[in-house]
Amino acid sequence: MQLVSFAFLIFLPIASLIYFLIPSRFRYIGLFMISAGFYLSLDLKGTPVLAFTLLSAYLGGMFIDRHRGTAGKIVLFLVIAANILILALAKYAGLNFLSAAGMSFFIFMAVGYLIDVYREDIPAQKNIILLGLFISFFPVVTSGPIERAGHMLPQFIEAPGFDYDRMRSGLLQMIWGYFMKMIIADRCAIIVSSVYSDPVRYAGTATLIASILYTIEIYCDFGGYSNIAIGCARVLGFDLMKNFDAPYLSRNIQEFWRRWHISLSSWFRDYLYIPLGGNRKGIVRKYINILIVFVLSGLWHGVSYTFAIWGLLHGIYQVAGGILLPLRRKLTDAFKIDCNSFSHRLLNILVTFFLVNIAWIFFRVTDLHAAIYMVRHIFRFVPSFITEGGLYSLGLDRPNLNLLFMSVILLLAVDIANKKGIVISEKITSFGLWLRWLIYIAAVLFIITCGIWGTGYDAQGFIYQGF
Amino acid sequence: MKDRIKLLLKTIIFLIILCLCLGLVMILTQRKESYNKNKLFFEEAREGHLDVLFLGSSHVINGINPIDLYEKYGITSYNLGGHGSLLKESYWQLIRALDYCKPEYVVVDCYMMDRNYDYIDEMYEDSSDELKATSISQLHLNLDAYPLSKVKIAEVNDLVHDPKVRMQYLFDFSIYHSRWSDLDKDDFEIFRGKTDYNRLMGATMRTSVNDYADEGVAYDPGLRLPEHTVNEEYLMKIIDECQRDGIGILVTYLPFAGEDNDIMASNSAGDIAAVYGVPYINMMAMPDLIDMQTDLADHGHLSITGASKVTDYIGQWLRDNTALADHRFDDYHHIIDDLSESYDAMIFNDSVYSSDFLAQLNLLTMGRVSFCLFVSEDSPALSDPRFRHLVSNLSGTDRIEEAGATGDQYFLLEDRGRGTKYEAAGYESLEAMDTSMGLMDYIPVEKLFRFLYKESDKDTNYLYDDDHTEDDIQLIIYDNETGDILTHMYVSSASHYSFENH
Chain A
1 MQLVSFAFLI
11 FLPIASLIYF
21 LIPSRFRYIG
31 LFMISAGFYL
41 SLDLKGTPVL
51 AFTLLSAYLG
61 GMFIDRHRGT
71 AGKIVLFLVI
81 AANILILALA
91 KYAGLNFLSA
101 AGMSFFIFMA
111 VGYLIDVYRE
121 DIPAQKNIIL
131 LGLFISFFPV
141 VTSGPIERAG
151 HMLPQFIEAP
161 GFDYDRMRSG
171 LLQMIWGYFM
181 KMIIADRCAI
191 IVSSVYSDPV
201 RYAGTATLIA
211 SILYTIEIYC
221 DFGGYSNIAI
231 GCARVLGFDL
241 MKNFDAPYLS
251 RNIQEFWRRW
261 HISLSSWFRD
271 YLYIPLGGNR
281 KGIVRKYINI
291 LIVFVLSGLW
301 HGVSYTFAIW
311 GLLHGIYQVA
321 GGILLPLRRK
331 LTDAFKIDCN
341 SFSHRLLNIL
351 VTFFLVNIAW
361 IFFRVTDLHA
371 AIYMVRHIFR
381 FVPSFITEGG
391 LYSLGLDRPN
401 LNLLFMSVIL
411 LLAVDIANKK
421 GIVISEKITS
431 FGLWLRWLIY
441 IAAVLFIITC
451 GIWGTGYDAQ
461 GFIYQGF
Chain B
1 MKDRIKLLLK
11 TIIFLIILCL
21 CLGLVMILTQ
31 RKESYNKNKL
41 FFEEAREGHL
51 DVLFLGSSHV
61 INGINPIDLY
71 EKYGITSYNL
81 GGHGSLLKES
91 YWQLIRALDY
101 CKPEYVVVDC
111 YMMDRNYDYI
121 DEMYEDSSDE
131 LKATSISQLH
141 LNLDAYPLSK
151 VKIAEVNDLV
161 HDPKVRMQYL
171 FDFSIYHSRW
181 SDLDKDDFEI
191 FRGKTDYNRL
201 MGATMRTSVN
211 DYADEGVAYD
221 PGLRLPEHTV
231 NEEYLMKIID
241 ECQRDGIGIL
251 VTYLPFAGED
261 NDIMASNSAG
271 DIAAVYGVPY
281 INMMAMPDLI
291 DMQTDLADHG
301 HLSITGASKV
311 TDYIGQWLRD
321 NTALADHRFD
331 DYHHIIDDLS
341 ESYDAMIFND
351 SVYSSDFLAQ
361 LNLLTMGRVS
371 FCLFVSEDSP
381 ALSDPRFRHL
391 VSNLSGTDRI
401 EEAGATGDQY
411 FLLEDRGRGT
421 KYEAAGYESL
431 EAMDTSMGLM
441 DYIPVEKLFR
451 FLYKESDKDT
461 NYLYDDDHTE
471 DDIQLIIYDN
481 ETGDILTHMY
491 VSSASHYSFE
501 NH
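Here the protein sequences come in this chain order: A and B. Using the numbering used here, the first residue of the first sequence is number 1, and each one after it goes up by one. Using the numbering used here, the first residue of the second sequence is number 1, and each one after it goes up by one.
Pairwise CB distance ranges, derived in the manner of DEER restraints: (1) B:I153 - A:L410: 35 to 41 Å; (2) B:D384 - A:F379: 54 to 60 Å; (3) A:I422 - B:E43: 54 to 60 Å.
Calculated cross-link-like contacts (lysine-lysine; reagent style DSS-like; alpha-carbon spacing at most 27 Å): (4) B:K10 - A:K427; (5) B:K102 - B:K152; (6) A:K45 - B:K164; (7) A:K126 - A:K73.
In short, the hints are calculated from the structure, not lab data. On a predicted model such as this, the values are computed, not experimentally measured, just so you know. Ideal Cβ placement from N, Cα and C applies to all residues, glycine included.
Construct the entire structure; sequences and hints are all you get.
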């Protein structure tokens, strides 16, 4: 069952109804069973892997809690190693019988839980069903956000009751997620697929447009998923961590990673970068740590070396940014540039976007030659491609391109508002009933009518579901 | 508690409004072809007005005209042919239709009975994706207008293998929502109840004429299909169904320029009909029934003139062999009169204002207007056998062939109001021609100059214009009764019969 499917739209209200009808002290059991059912419908053959991760995390956590010191450390290492080994064998060695939907996410959640227990940040969870719910909670099990046990377990124990405002807010966030996914991401995907499937065939302008559209697609695809998952959890009364925060309005790469896939980057920060020494062991070690973290982050996404290059590029961006920082400061001082001026901020945002955009090319292609070809040709501007209608030959006609363009403008406006601390959903909620309903109905109809779905569209899910 | 009830009520009202709006959007985005084709079927079937149902493929859609059938024989019928419909689809079309009416007779055409595959979305192993996509799309014409029912679900499961593809028939919004960018005025007219609809009781008449001589293979009565096909099975099921329900059945194979496999299918269909003891008309075995050059719109589909001949043949057969009532004098004629009027208007309009000159020459045989045709000396059209054939059809003589052999100028006037016809070749003059325009004279003078005038107004020469000396053909079309000139066409045969209207 995909989050973008009719089955899910039927499943969610039924699951919510069952959940809220169960007495609060037993709700976590009901929710665990619902989540287990969801996962079984999604990937029956992956269930043993999920069960292994749960059992190993449960037993490991209990052991670590009781045996601090070397024994605990050894068990921590063994359990993490076993889970990471399964992940590696499934992803890199191609052992399909070990693969499971969302394994990169739930294994990381389990590993995070064990480290938190080892660090004594949280006690080991004695109730296996609660821990099972944490690892398999249906909105997040396939693509995150990679939640922390310390954040989720208390909420599961508390089992909040039905709250109309939370439900409404959750549904609004889901609608926004569907907008990002079905209106923008899947529309971009049509052009992106055309060009990336045969980059040599296309002129520079097409390559540039496709690369920008992929940058938008991956944000709207994963950001859209995250919004649906977070909204869905909120309908049930749970708060998940924010996963995206207007990432393309970042002024530098460091800021980008504070806003992009926040749950993964903070996981790497907390469970890898800091244990490696972080920035506490000198500047050179800091840069090495950054490179290690980003290469591993790249490899987390998949087996292809292009993912590693993508991660490495981001690491290099950050290291270069750190090395060049004094020089940049000197230059801005020398030229008396106001760093807070709109034009300078805009330039920072555009440069960051450009760097991220280049890196996404390596993320999307399947071999290095194609990536290099695209990067080399991206600046070859061919005006005739636009003036002679070449843009319409990539799979989207004029009305669809216009719709995409206007939707991206809307996305940008909402991201700018979010960055300024304006929450659009709260603004809408404050409107009078009829205007509010008009907006809700128009939004739903717009997404259902203009969204890319139905026959001919393979609703195979979200890009990040594959990682 | 009170607040909770209010909240619940509010939510229910919101959901109702949302569902209503969604319903409107679904209606708006629907592809309207199926509704347009079947609108009159639903209306007339429920009223019990339909005595005959025609089933089959696009050959039936283009080949049988229920309006002609009514006008000439008083038989009420509906054309339920579907584009690309195999007999398997025709069977299900019949089952669906029987939910709405019980006809006296079913006429089923067997084109494509040689196809031997189960599912339209799979076809043969080597069938192209494009062909499959066309087939999937064409089924919508048959199905969309029918509400979801057990029969519809069973039909879709029987015809389509891929569950995802099945979904588009059972919940067609899943594909039609993407029509949002193609919506036009007609889509919105549905809310005013003013959508256009098929006014030929499900048929579509094609006015174009096959643009190349295509006779197909010669009929061979000995050919048979080499294997028993899925569609033979469904022909049997159709016959079974009709016989079980006490419905008369006529099996046909409509004429076209077929290949060997079509001849085989036509003969095998006859064998099945014989086994069941039901009548069969194999028009593939009737080489003289239609004129392959003018009665086909393309190599497979009949043109309007071909449809007229085929409809006439079947009408006569039904009149001679069945006890079907003549409805021309009962209340039903009020409904048909309106449809006949618009059909006549369509033919009249196409006869006068067609964009295809050769198709227009063919349409003139239908007699809705009078005309005067002039072909100048040495015109390239005189050496075009297709043109000569069309003119010969109009004149009913071979004089155009004689003119073609010598390169002489040619003149033909046919006045449907007076019932007169005049023809001349070379420098032959015609005097005091009796026409609705008045008495007229035709006098050829030289290659680039000739007279055609009314005897009452000799100053107006209808066949000469300084601006059109280069055009080698002139066609004047005038009203049968009043003699008013409706159009005067100057045609250049060397430029693919392009023309200017005056």
